[in-house]
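A.B. asks: Following the hints, complete the assembly by docking chain B onto the known chain A.
2 protein chains.
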Amino acid sequence: MKVRVYVTLKEGILDPQGKAVKHSLNTLGYSAVEDVRIGKYIELNLNNNSIDKLDFQIKEMCNKLLANTIIEDFRYEIEK
Amino acid sequence: MKVRVYVTLKEGILDPQGKAVKHSLNTLGYSAVEDVRIGKYIELNLNNNSIDKLDFQIKEMCNKLLANTIIEDFRYEIEK
Numbered sequence: 001m002k003v004r005v006y007v008t009l010k011e012g013i014l015d016p017q018g019k020a021v022k023h024s025l026n027t028l029g030y031s032a033v034e035d036v037r038i039g040k041y042i043e044l045n046l047n048n049n050s051i052d053k054l055d056f057q058i059k060e061m062c063n064k065l066l067a068n069t070i071i072e073d074f075r076y077e078i079e080k
Numbered sequence: 081m082k083v084r085v086y087v088t089l090k091e092g093i094l095d096p097q098g099k100a101v102k103h104s105l106n107t108l109g110y111s112a113v114e115d116v117r118i119g120k121y122i123e124l125n126l127n128n129n130s131i132d133k134l135d136f137q138i139k140e141m142c143n144k145l146l147a148n149t150i151i152e153d154f155r156y157e158i159e160k
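Just so you know, the sequences run in chain order A and B.
Heads up, the first sequence is in our numbering, so the first residue is 1 and it goes up one at a time.
Heads up, the second sequence is in our numbering, so the first residue is 81 and it goes up one at a time.
Simulated from the structure, these hints should not be mistaken for laboratory data.
Possibly wrong hints are sitting among the right ones.
What the hints assert, rightly or not - Far from chain A by the CB rule (all over 12 Å, computed), these chain B residues:
no.: 1; residue: Leu94
no.: 2; residue: Pro96
no.: 3; residue: Thr149
no.: 4; residue: Ile150
no.: 5; residue: Ile151
no.: 6; residue: Lys160
Claimed, not checked - Pairs of lysine to aspartate or glutamate residues, derived as EDC-like cross-links and limited to a Cα-Cα distance of at most 16 Å, are as follows:
no.: 7; chain 1: B; residue 1: Lys160; chain 2: B; residue 2: Glu123
no.: 8; chain 1: B; residue 1: Lys120; chain 2: B; residue 2: Glu157
no.: 9; chain 1: B; residue 1: Lys102; chain 2: A; residue 2: Glu60
no.: 10; chain 1: B; residue 1: Lys99; chain 2: A; residue 2: Glu43
no.: 11; chain 1: A; residue 1: Lys40; chain 2: B; residue 2: Glu152
no.: 12; chain 1: A; residue 1: Lys40; chain 2: B; residue 2: Asp153
no.: 13; chain 1: B; residue 1: Lys82; chain 2: B; residue 2: Asp135
no.: 14; chain 1: A; residue 1: Lys2; chain 2: A; residue 2: Glu43
Stated by the list, open to error - A few chain B residues that don't get close to chain A, going by computed Cβ distances all over 10 Å:
no.: 15; residue: Lys90
no.: 16; residue: Gly92
no.: 17; residue: Ile93
no.: 18; residue: Asp135
no.: 19; residue: Ile158
no.: 20; residue: Glu159
Note that the Cβ used here is the ideal one computed from N, Cα and C, for glycine as well.
So that you can see chain A by itself, here it is in the shape it has in the complex (with noise of 0.2 Å):
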């Protein structure tokens, strides 16, 4: 079973990566991006076929290791 999870930073943290990609963007002609933010893409495998208590793990996944939910939402897409 594949998750896809994705992480992102919160709205009104600052994401100098992604301002400095839109500014390269820009240099390189690409004049109608306005705004760049980065994030994590997570691929999991998983071997549990049971989806019982597959949200309960992945959300506690997320809150434990993959994403800082200080700063950091995420969300999933499971797939069958």
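C.D. replies: The following block gives chain B in isolation, referenced to the frame of chain A:
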């Protein structure tokens, strides 16, 4: 207009960061986690309302700056 870009390591390319996260998840007790791959998730805000050349432009941005196409793949979604 918002564009979401997903940059992932190509299959076969080693992902030490993913390996470290997998190991940490296993150590935390999530033994069902068999593999972890870590990529980038990039949100672009564009003020360009013409969709004519948009596909072409996004591919160009990815090839030039956002992804290293020797070791990484990318895909994107356009949110209208």
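A.B. asks: If a hint holds in the structure, say so; if it doesn't, say that too.
C.D. replies: Status of each hint after checking the structure:
1. Leu94: holds, 15 Å
2. Pro96: Label holds. Min Cβ-Cβ 14 Å, cutoff 12 Å.
3. Thr149: holds, 16 Å
4. Ile150: The claim stands: Ile150/B keeps its Cβ more than 12 Å from every Cβ of chain A (closest is about 19 Å).
5. Ile151: holds, 15 Å
6. Lys160: Its Cβ never comes within 12 Å of chain A, the nearest being 15 Å, so this holds.
7. Lys160/B / Glu123/B: Cα-Cα ~13 Å, so holds.
8. Lys120/B / Glu157/B: holds, 14 Å
9. Lys102/B / Glu60/A: holds, 15 Å
10. Lys99/B / Glu43/A: Holds, at about 12 Å.
11. Lys40/A / Glu152/B: Cα-Cα ~14 Å, so holds.
12. Lys40/A / Asp153/B: holds, 15 Å
13. Lys82/B / Asp135/B: Satisfied, since the Cα-Cα distance of roughly 13 Å is no more than 16 Å.
14. Lys2/A / Glu43/A: Given pair Lys2/A, Glu43/A holds - Cα atoms ~7 Å apart, limit 16 Å.
15. Lys90: Non-interface label stands for Lys90/B: nearest chain A Cβ at 13 Å, farther than 10 Å.
16. Gly92: Fine: 15 Å to the nearest Cβ keeps Gly92/B off the interface.
17. Ile93: holds, 13 Å
18. Asp135: Label holds. Min Cβ-Cβ 14 Å, cutoff 10 Å.
19. Ile158: holds, 13 Å
20. Glu159: holds, 13 Å
In terms of the numbered hints stated before, the structure departs from none.
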